[in-house]
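Could you put the whole structure together from the sequences, leaning on the hints where they help?
Those sequence lines, one after another, are chains A and B. Counting from 25, one number per residue, gives the positions in the first sequence under this note's numbering. Counting from 25, one number per residue, gives the positions in the second sequence under this note's numbering.
One copy or two, either will do: identical chains are not told apart, so a pair holds if it fits within one copy or between any two.
Keeping only pairs whose Cα atoms sit at most 25 Å apart, straight-line, the calculated DMTMM-like set for lysine to aspartate or glutamate is:
id : residue 1 : residue 2
1  : Lys56     : Glu242
2  : Lys370    : Glu342
3  : Lys56     : Glu339
4  : Lys192    : Asp286
5  : Lys157    : Asp143
6  : Lys192    : Asp253
7  : Lys157    : Asp286
No wet-lab data here; the hints were simulated from the structure.
Protein chains: 2
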Amino acid sequence: MLVSAVKLINFRRFSRLEVNEFHPQLNVIVGKNAQGKTSILESLSLVTQLESFRSSDVSELIKYGEIQASCTVDLNAPTKSRVLIGLENKKKSIRIDETKISSKSKYSLLGTSVTFVPDDLYLIKGGPEARRKFFVQLAINLDPSSVQIYQQYEKNLKQRNRILKGMKEGDHLGDQLEIWTDQFIGAAVQVYEQRFKILERLREVLPSIYQKLFDVSESIEILHDHGFDENLPDRDSIARRMSRLRGAETAIGYSLVGPHRDDFKFNLNSLNARQFASQGQTRSLVIALKISQLELTREDAYSSPLLLLDDIVSELDETRTLALVSYLADYDGQLFVTTAESSKLKTLHSQFASFKLIDLTEDSKIVRRLDVRELSV
Amino acid sequence: MLVSAVKLINFRRFSRLEVNEFHPQLNVIVGKNAQGKTSILESLSLVTQLESFRSSDVSELIKYGEIQASCTVDLNAPTKSRVLIGLENKKKSIRIDETKISSKSKYSLLGTSVTFVPDDLYLIKGGPEARRKFFVQLAINLDPSSVQIYQQYEKNLKQRNRILKGMKEGDHLGDQLEIWTDQFIGAAVQVYEQRFKILERLREVLPSIYQKLFDVSESIEILHDHGFDENLPDRDSIARRMSRLRGAETAIGYSLVGPHRDDFKFNLNSLNARQFASQGQTRSLVIALKISQLELTREDAYSSPLLLLDDIVSELDETRTLALVSYLADYDGQLFVTTAESSKLKTLHSQFASFKLIDLTEDSKIVRRLDVRELSV
Chain A
25 MLVSAVKLIN FRRFSRLEVN EFHPQLNVIV GKNAQGKTSI LESLSLVTQL ESFRSSDVSE
85 LIKYGEIQAS CTVDLNAPTK SRVLIGLENK KKSIRIDETK ISSKSKYSLL GTSVTFVPDD
145 LYLIKGGPEA RRKFFVQLAI NLDPSSVQIY QQYEKNLKQR NRILKGMKEG DHLGDQLEIW
205 TDQFIGAAVQ VYEQRFKILE RLREVLPSIY QKLFDVSESI EILHDHGFDE NLPDRDSIAR
265 RMSRLRGAET AIGYSLVGPH RDDFKFNLNS LNARQFASQG QTRSLVIALK ISQLELTRED
325 AYSSPLLLLD DIVSELDETR TLALVSYLAD YDGQLFVTTA ESSKLKTLHS QFASFKLIDL
385 TEDSKIVRRL DVRELSV
Chain B
25 MLVSAVKLIN FRRFSRLEVN EFHPQLNVIV GKNAQGKTSI LESLSLVTQL ESFRSSDVSE
85 LIKYGEIQAS CTVDLNAPTK SRVLIGLENK KKSIRIDETK ISSKSKYSLL GTSVTFVPDD
145 LYLIKGGPEA RRKFFVQLAI NLDPSSVQIY QQYEKNLKQR NRILKGMKEG DHLGDQLEIW
205 TDQFIGAAVQ VYEQRFKILE RLREVLPSIY QKLFDVSESI EILHDHGFDE NLPDRDSIAR
265 RMSRLRGAET AIGYSLVGPH RDDFKFNLNS LNARQFASQG QTRSLVIALK ISQLELTRED
325 AYSSPLLLLD DIVSELDETR TLALVSYLAD YDGQLFVTTA ESSKLKTLHS QFASFKLIDL
385 TEDSKIVRRL DVRELSV
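Now the structure itself:
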């Protein structure tokens, strides 16, 4: 996927912003804090994933005081196309070359993206929801239609929790619970099967990416912490566990079994990274995880995914920045990087012969476009 | 509290290590990774807190293959004393000037310490257990005798969970559960009262420390997320909630109510920092939290606590390192800092006229002692 231009109207802090002639390899967006650097990446995430990496609430993307916003992106590859995402009333509409598109899975042929944002640095030491989210994103990267599996699961979970909450408050909804539990188990099995496949693939690539990138020999294990005895929970084992916890669920008012309660454990040399990894190991592992996501996505995608890198370089030490940047220099997809420190341009310049610089000035309205030849780095 | 010397025998990787003549203000321990820098801080944490900040398992502190270890620390203030901690068979023994000490609370008169380690950087964006641990540490800093409140609570929780687990497996232990629930509620009330007082004090100091240190006007709120309607849960409300969840607890086999399930929420300008804070804000908030811990501890302690700073400076950007170091330069207690990068010495040197450098050579046996005058920084 190759993006040539983006136009934002009433999007986040921009009344209107146009950037044309993106570089086919590296684009660097510089500017102070709160100048809208991240919003540009967000618009590309919206176009590729139909969701911002910062918020699932459409109304947050619309400029304060406005009722509509839009984000138009011109592509040069896989086909020359114009994609328009309209935002209004918590809803998104999608048009490709003037044709209205209704289904997300059809849309995915155009291409996808992988994001790397500062909060990803908490993947290992943060709470389990960050790790679950990583696996959901990877699943959708690898197979865009699997978004339906997750949507189905979320819907069943919500419905089942509604019933359990009613029962906790004294309603007699036992029959309804049976019906929804059955559907819920069906959806849970699909999620577990999906996770099982993804884990298998991640186990194949992550250790070698980690070892090569940082020139270490530490072993990596990835464990799926779902509380079942077998690797892949099936219909029967889920049903058994649910019936054992039925009393607890009706008393507490929500579902205690299922993939929404999972965690994932990373072991470095057989020690749990969450507890024992040093800062350096933690960061190396996060970089290796994100690059694994990118590599696996590239294997499966119709075209190389966009990589959206939000201000991450400033959070990394020199060794890790260099490992990451030299990997990126060999990446055959398009890169969009934001940074608040123009000094970081030097590191990028050492690995990339040319790139496009988008410099957001203080009023965030005017965009200067500089070629790297104009820079005295 | 003023430490003049430390002697370690069979402690972590050291067969024997002696450092004498510590600097009354700043001591910097340099060395490559895995040379034992952190272990020296750990020994000071053991002497002041009777616990390592890295592990609660005594056997991990004893050198591999040995059965005993010891850590001897000489103090110049509050009194000229020698403290010896012996480690053997998962047990600690304490001697002050040859006299055996049995109770932790008596011991606290000598002084305490505050640690700042890389994992603290996950305080805001990590899971709730890190935040709960912070509040427990602060409680014990402020009132060493409150360690008994937490120990009592942990003991009751463990016992109650044991009974609930038995009931889940079909044992008839309803009577025992009643007795232990009553004790459990008593301990929980004490923990909640403790937390309420600590929160009140933290709310007084944290916002101004954050604003002054980083020259910003962002507002900070700290919310205690315990799921009760009132600010301070009392015996009745805890009992009511527990009886409502009794069915769930016996079905799931562990306690669903109590301070072990709490979380704490930090709002920056009314937005939840866990979700919305930038990397920069997150780090500033963590530094402000740790300095608040130090300040409050200093207010209450018999003498200024030791500050044990483990390799934190290398994780911070220049602005934040400078904010922290210039605060430290005014701190009237003794500081122990580790770093793997000798380039960081320059930043420290810019704020401290002199300090002591402990350089762990590669075999970790010999310690060179240099005065700052010998350094060409």
